[in-house]
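Line order of the protein sequences matches chains P and X. Be aware that the first sequence starts at 1, since it is given in the UniProt record's numbering, and climbs by one per residue. Be aware that the second sequence starts at 1, since it is given in the UniProt record's numbering, and climbs by one per residue.
If you are wondering where the hints come from, they were derived from the structure by calculation, not from laboratory data. Incorrect hints may have been included.
One copy or two, it doesn't matter: identical chains are merged, so the pair holds either way.
Calculated pairs, BS3-like style, for lysine-lysine (alpha carbon to alpha carbon, straight line, at most 27 Å) [claimed, not checked]:
# : residue 1 : residue 2
1 : Lys-55    : Lys-82
2 : Lys-144   : Lys-44
3 : Lys-144   : Lys-2
4 : Lys-100   : Lys-18
5 : Lys-18    : Lys-82
6 : Lys-55    : Lys-100
7 : Lys-2     : Lys-82
8 : Lys-55    : Lys-44
Because the structure is a prediction, the values reported are computed rather than measured.
Letter by letter, the chains look like this.
There are 2 protein chains.
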Amino acid sequence: MKRSLAIDMDETMADTTKEINRWYEREFGQALTEEELHAKDFGKAVPPERAGVVKRFLNTPGFFRHLEPFPDAIDVVRELNKRYEVFIVSAAMEFPNSLKDKVEWLDEFFPFLNWRQYCLCGDKSVVQTDLMIDDRSRNFIHLKDARTYLYTAHHNVLETAYERVNNWQEVATRLL
Amino acid sequence: MKRSLAIDMDETMADTTKEINRWYEREFGQALTEEELHAKDFGKAVPPERAGVVKRFLNTPGFFRHLEPFPDAIDVVRELNKRYEVFIVSAAMEFPNSLKDKVEWLDEFFPFLNWRQYCLCGDKSVVQTDLMIDDRSRNFIHLKDARTYLYTAHHNVLETAYERVNNWQEVATRLL
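Please model the entire structure based on the sequences and the hints provided.
Here is the structure:
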């Protein structure tokens with residue numbers, strides 16, 4: 001039997017921060033720098049009075065429809081899908097307008113997957129798989145006997161407690 | 001620690017068949033009878049050339065927004081939510097237009113729940129909880145050491161392999 005593998009979307013398959021930063025620059029005239037984002041969530045890296053604007057971006061219909069997949073994500077997920085029982089698990093529920101966009105994005109960029117493999121939830125503690133790739137270590141805590149891979153993102157660079165993958169080539173090296 | 005409890009939406013919290021039958025009657029002039037629905041999925045109870053129409057209903061924006069909650073579902077889920085770690089788990093992904101409707105429906109009728117408790121997926125085999133209430137026994141198969149309750153629906157009346165609940169008062173008797 002194939003082992004089950006949960007793969008996160010934002011900041012794991014998709015470069016969500018790049019898109020937030022594009023919208024941020026359009027709104028405020030200047031994008032955040034790497035230094036400003038270092039070890040912080042985007043919403044914590046901006047002046048407090050702008051945090052609500054970032055949330056507004058995330059609940060704008062269309063925002064999640066046009067994210068860039070990370071380099072090699074498509075090719076590596078295609079191969080993973082042959083060897084593992086892959087589920088795409090995204091904590092999307094805070095932003096109901098993202099739900100359909102996320103399904104359409106997966107259908108477009110990952111056409112070898114199908115809707116039976118998609119899981120859009122609020123809290124991932126309801127999900128149990130043998131392996132998980134995610135940029136949020138909080139999503140690993142409830143897993144039982146799972147192998148976890150922390151996908152490097154600006155907000156998690158200081159975390160040391162989990163095995164890390166920096167890009168999709170490293171995922172391939174570990175899992176294929 | 002509270003035990004986790006997954007509750008299905010269609011045909012468990014919500015009377016989806018009643019709404020399909022309303023739309024069916026509006027389209028074809030006559031609703032299906034109890035006898036026609038006996039032990040069958042709605043899509044199998046209609047003439048084969050009409051099965052596509054039923055799928056079209058289910059992917060019409062708004063369809064899932066106006067379902068009737070089953071009697072006592074709201075009151076019993078409110079109490080369950082105090083005693084269990086409740087997740088609402090719906091295999092909604094076949095119909096992407098249903099996703100936002102389902103979130104808004106839950107927000108309206110079950111305001112004591114929050115989005116962290118919602119899980120809209122394709123195949124429920126990615127979900128693991130201590131208990132599950134569902135009208136589809138196929139959703140129980142992958143569970144490990146879980147207590148399962150088959151919520152009676154027209155399509156499952158001939159199944160005998162699972163403990164059954166016929167209404168929300170019976171859920172209350174078993175779980176509260």
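* Lys-100 and Lys-18: within-copy, between-copy, both or neither at 27 Å Cα -> both (21 Å within a copy, 26 Å between copies)
* 27 Å Cα cut-off: does Lys-55 pair with Lys-44 within a copy, between copies, both or neither? -> Within one copy only: 12 Å inside a chain, 44 Å across chains, cut-off 27 Å.
* 27 Å Cα cut-off: does Lys-55 pair with Lys-100 within a copy, between copies, both or neither? -> both (18 Å within a copy, 18 Å between copies)
* Since the copies are identical, ignore which copy is meant and state whether Lys-18 and Lys-82 lie within 27 Å (CA to CA) inside a copy, between copies, both or neither. => Cα proximity of Lys-18 and Lys-82: none, with 30 Å in one copy and 40 Å across.
* What label fits Lys-2 with Lys-82 when the C-alpha limit is 27 Å: within, between, both, or neither? -> within (9 Å within a copy, 37 Å between copies)
* Copy assignment of Lys-144 with Lys-2, given that the CA separation must stay at most 27 Å -> both (17 Å within a copy, 17 Å between copies)
* Is the C-alpha distance from Lys-144 to Lys-44 at most 27 Å within one copy, between copies, in both cases, or in neither? -> neither (31 Å within a copy, 39 Å between copies)
* To do: Give the relationship of Lys-55 and Lys-82 under a CA distance limit of 27 Å: within one copy only, between copies only, both, or neither.
  => neither (36 Å within a copy, 30 Å between copies)
In summary, the numbered hints that this structure violates are 1, 2 and 5.
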